[in-house]
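Protein chains: 2
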Amino acid sequence: MTTVRGSIEANIKMLVASLNGGDAVGVAAHYTDDAALLPPDAGRIDGREGIQGVWQGLIDADIRDVAMNTQEVDVFGDVANEVGTISATAPGANGGRAQLSGKYVAVWKCCDDDTWRLHRDIWNFDA
Amino acid sequence: MTTVRGSIEANIKMLVASLNGGDAVGVAAHYTDDAALLPPDAGRIDGREGIQGVWQGLIDADIRDVAMNTQEVDVFGDVANEVGTISATAPGANGGRAQLSGKYVAVWKCCDDDTWRLHRDIWNFDA
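Going line by line, the protein sequences match chains P and A. First residue of the first sequence: 1, per my numbering; consecutive thereafter. First residue of the second sequence: 1, per my numbering; consecutive thereafter.
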């Protein structure tokens with residue numbers, strides 16, 4: 001039997017593959033209809049359509065090489081809290097790439113169509 | 001009877017009063033012993049002593065006029081997820097003050113000595 005943590009890690013893996021593939025629709029499919037995204041350097045965004053727009057903006061800004069690493073998952077029935085770390089690269093000085101590292105808290109919800117989806121998602125960078 | 005949301009809002013009010021009063025020990029008292037702080041522009045900090053140090057650093061950096069506004073509280077037994085907004089001022093250009101606004105997700109835990117305490121705490125700024 002797949003654990004909740006296993007399901008969440010599998011979803012994160014798919015989300016990251018969509019993101020690194022430039023597929024904002026695929027990324028947004030991992031959020032609930034009434035999800036809220038709380039990104040750095042922008043206000044809170046409610047709803048899957050707006051969330052897709054944020055990810056499209058980050059893809060257009062040439063954010064690449066995204067990796068996410070789950071550190072903790074705590075399950076409360078149909079809700080799970082995840083804490084993890086992120087890394088990525090962004091366009092840097094002299095045409096190079098800058099390395100980003102950060103951390104996130106994600107609140108997941110289950111189970112329309114048996115799938116865990118991101119319901120609240122906040123992150124920031126370490127420097 | 002006080003609701004969980006009421007208890008959390010009361011704790012936030014006390015925390016903010018300690019912070020604006022320059023009392024990092026008072027702020028840290030609102031965290032669990034094994035809390036983790038995930039601040040922007042720094043790595044994850046585990047444990048109340050380290051968390052007190054982060055808040056002391058922000059007090060020393062002359063962060064002032066902190067306000068926190070609870071938007072959502074979801075309770076799962078002895079855990080509650082809070083989403084809210086923050087505002088504050090920081091030293092700005094020409095000796096003035098810069099206005100900061102942001103958002104946070106806090107995971108609270110109950111109930112050693114009947115008190116809800118912050119267990120995971122992450123925030124970022126809107127611009």
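Hints may contain errors.
No copy labels: a pair is met if it fits in one copy or bridges any two.
[What the hints assert, rightly or not] With a Cα cut of at most 20 Å, we get these calculated EDC-like pairs of lysine to aspartate or glutamate: (1) LYS13 with ASP46; (2) LYS109 with ASP41; (3) LYS13 with ASP23; (4) LYS109 with ASP60; (5) LYS109 with ASP33; (6) LYS13 with ASP114; (7) LYS13 with ASP74; (8) LYS13 with ASP126; (9) LYS13 with ASP41.
Simulated from the structure, these hints should not be mistaken for lab results. Quick caveat: nothing in here was measured; it's all calculated off a predicted structure.
Results of checking the hints against the structure:
1. Taking the closest pair of Cα atoms, LYS13 and ASP46 never come within 20 Å of each other, the shortest separation being 23 Å inside a single copy and 26 Å across copies.
2. In this homomeric assembly, LYS109 and ASP41 never come within 20 Å of each other (Cα to Cα): the closest approach is 25 Å inside a single copy and 29 Å across copies.
3. Taking the closest pair of Cα atoms, LYS13 and ASP23 come within 20 Å of each other only inside a single copy of the chain (14 Å); across copies the shortest separation is 42 Å, beyond that limit.
4. In this assembly of identical chains, LYS109 and ASP60 lie within 20 Å of each other by CA distance neither inside one copy nor across copies; the values are 28 Å within and 39 Å between.
5. Only within a single protomer do LYS109 and ASP33 lie at most 20 Å apart by alpha-carbon distance; the minimum there is 11 Å, versus 28 Å between protomers.
6. Taking the shortest Cα distances, LYS13 and ASP114 sit within 20 Å of each other inside one copy (17 Å), while across copies they are farther apart (39 Å).
7. In the homo-oligomer, the alpha carbons of LYS13 and ASP74 lie at most 20 Å apart inside one protomer (18 Å), although the nearest pairing across protomers, at 27 Å, exceeds that limit.
8. For the identical chains of this complex, LYS13 and ASP126 are neighbours neither inside a copy (22 Å) nor across copies (27 Å), given an alpha-carbon limit of 20 Å.
9. Within a single copy, LYS13 and ASP41 get their C-alpha atoms no closer than 25 Å, and across copies no closer than 26 Å, so neither meets the 20 Å cut-off.
Hints 1, 2, 4, 8, 9 from the list above are not met by this structure, while the remaining hints are.
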